[in-house]
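Protein chains: 2
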Amino acid sequence: MSNYYPLNSQQAMEYVGKLGIFPDHSSLVCREIGDGNLNLVFHIKEKSAATGVIIKQALPYARVVGESWPLTLDRARIESEALIVHHCMCPGMVPKVYHYDPGLALTVMEDLSTHIILRKGLMARTAYPLFAKQIGSFLARTLLLTSDIVLDPLEKKNRMIQFSNPEMCKITEDLVFTDPYYDAETNRFNPLLDEEVKKIWGNDKLKYQIAKLKEKFLTHSQALIHGDLHTGSIMVTGNDLKVIDPEFAFYGPMGFDVGALFANLLLSYASQVGHSLSVEERKRKDYQNYLLNTIEQVWLAFEQEFRALWKEQAKEPTAAAKGYVDDYIMRILQDASGFAGCKMLRRVIGLAHVEDLESIEDLESRAKGEKLALGIGQQLVIKGDRIQNIKDITSLAKKVSSDG
Amino acid sequence: MSNYYPLNSQQAMEYVGKLGIFPDHSSLVCREIGDGNLNLVFHIKEKSAATGVIIKQALPYARVVGESWPLTLDRARIESEALIVHHCMCPGMVPKVYHYDPGLALTVMEDLSTHIILRKGLMARTAYPLFAKQIGSFLARTLLLTSDIVLDPLEKKNRMIQFSNPEMCKITEDLVFTDPYYDAETNRFNPLLDEEVKKIWGNDKLKYQIAKLKEKFLTHSQALIHGDLHTGSIMVTGNDLKVIDPEFAFYGPMGFDVGALFANLLLSYASQVGHSLSVEERKRKDYQNYLLNTIEQVWLAFEQEFRALWKEQAKEPTAAAKGYVDDYIMRILQDASGFAGCKMLRRVIGLAHVEDLESIEDLESRAKGEKLALGIGQQLVIKGDRIQNIKDITSLAKKVSSDG
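Same order as they appear, the protein sequences are chains A and Z.
Throughout the first sequence, residue numbering follows the numbering used here, covering 1 to 404 in sequence.
Throughout the second sequence, residue numbering follows the numbering used here, covering 1 to 404 in sequence.
What the hints contain is simulated information worked out from the structure, not anything from laboratory work.
Note that this is a predicted model, so its numbers are computed, not measured.
C-beta: ideal position from N, C-alpha, C; glycine also.
Fair warning: there could be bad hints in the mix.
What the hints assert, rightly or not - Which chain Z residues stay away from chain A? Per the calculated CB distances, all over 12 Å, these:
(1) Gly17
(2) Ile116
(3) Glu167
(4) Thr178
(5) Arg188
(6) Glu196
(7) Leu213
(8) Lys216
(9) Gln222
(10) Val279
(11) Asp326
(12) Ser365
(13) Asp392
Claimed, not checked - Under the rule of at most 25 Å between Cα atoms (straight-line distance), these lysine to any residue pairs were calculated in the SDA-like manner:
(14) Lys205(A) / Leu309(Z)
(15) Lys216(A) / Pro191(A)
(16) Lys315(A) / Lys311(Z)
(17) Lys170(A) / Asp179(Z)
(18) Lys212(A) / Glu155(Z)
(19) Lys311(A) / Glu173(Z)
(20) Lys198(Z) / Lys383(A)
(21) Lys198(Z) / Asp179(Z)
(22) Lys383(A) / Met330(Z)
(23) Lys311(Z) / Met89(Z)
Working from the sequences, and respecting the hints, build out all of it.
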């Protein structure tokens, strides 16, 4: 860390200028585009060009809700190395890494100005017809190809060390699995949810399942997972998809990535009921149906590609055992359900919320969406072990909606 | 490895002489007492003294059944560091480490000449009234205190790196979970078992469970386990117990250690029927009952200490969730059953056998014991998921005996 200093725009431009990415004597312009809470993000291009490159530099602290705590710069290494692994497995589905600088904790990577954050697209109720197939394939490839089923056992253990990420895991452990389930200082929630949240804190059956899910997150070194695969970590155009920001990557349970995605699609689903004042019912219902259908399609695409890859690429001798792949996939689905539930609950009760709900200014309206999210989240956690197919998850969401 | 050379007795004596363990000008004697297959073991003492010290030096290869393959010297580090961790948690229950030399891959440790290998004691049908309580406590302490339930999450992840042990794990992965289940070159078994073994190779239900157990071994980073806790890794006197040889230690499933112990007690149980020509039935039956009772007592001692420690020392906030500790313990028992089954099968079919059975020279007699071991082992694997308490395991052993 001795060489580390946070760049300003001028320094960022000079830094990139030396890398030989742009022709000599290019006339560069630089804009800082990050929110500066965790990272500095610079967009640098030739004056006349449409796109250029991104510099993402980790800051040695996290600034959340006015507070600031120290945060490892090693996450920049994790992110750049995970992007490289993902690129090998899913070429074109992550930003290209041009350069990584350990001393400055920065990565120079592909400019994605042509893409938008998926969450923004969902908030605008946009349909992405290719999305399910693309992300299903990304999940199947990145998860299965980094697991013991395909990797040489010695290499897998080396990868576990390479992607040991204790400080970033600790954030998830606290904010996803611990703090939302008691009256923790980090929590913040809509005061209209007081009663609901207190019920959650007193729900022993729920907390028992949360304990088991946290244990899985802590102990199940199954695959190199993205670790933070919400709809803000995915960028899209009408036909392209890129998965960004794998700074939480580590060897963990496959279901955590699948569940994170489901949770965020379901948060968008739940947010629709909060818009009842401003958007006609038909539009909201249609988009809810689109989202549930997308969840089903993501799972089907995931399962199809996972089975095909297993057949083609499994090197683990036990992989051929009769019934094993079916059981393996079923356990991913059940884990995904439980993790999706945790992730929904924490986005309403815990420190970090989602814009889908947060953008609803009227607290009463927002509470409607949040209550639905809490309802679905709890059911996913409690019934996770008994989920048998993807329709059990989407039906459960519909049932909670109509019961509510 | 550049400084490494294997010591001879003279060099071993000179090496110890310089450590200041013995008074200056002591007159030392040295005897090599290992079998030289994996390690050199020297016993060094003052001429007139009863006890001295042990030097254990790893060899850069393993010599098994005439073959020789390269084997990491890092296992000497793993062993000495695991002994130190175990000593902190269970003072007096492992040999004291006096000195560790990474370059020579050797550890100077406490002399246990006063103790015998437990397996030898079992072969002589000796009863050890304190054994169950001692080993139950060792298991509870070493497993729970190195888990996420007690350790700080950052420290646990650092320990996972410290005890990353891929080459030694690979040996277990191959010899316990893979090779015994097909016609592998490494296998060797009594020709009178041909039919039984072929049935095992064709048993899909069994191989499905084996695949899941292997997955658990590969992915479940639950605690720092000994990794090879058979009755040859335990030394005893009438009232003392020491656990030795943790060179397979790594972060794995708790049930693997518990299961290894159960397997080896059950192998001794099974071996009794092989002695029907030479030992009267009453004696053999009594010892079988003693062994099953010991298994029950080990588990009860383990569970009691585990619950007490959980109550006193759990730092993981979710540990208090209602019903969680019960579920946690139940899963250890079920895992132990499955792993015990694998371990029994591999000791009959695979590369490394146990003296309990191997010492029966008459192949017909030995096959009787081996068939019982295969019968119990298969049932433990297949029924592992449904085991509800320790008596389910001992009853199962009795039932297979009487059915056989």
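* Just pull the numbers of the violated hints for me, sorted ascending. => Of the numbered hints given earlier, those the structure breaks are 3, 4, 7, 8, 9, 11, 15, 16, 17 and 20, listed in rising order.
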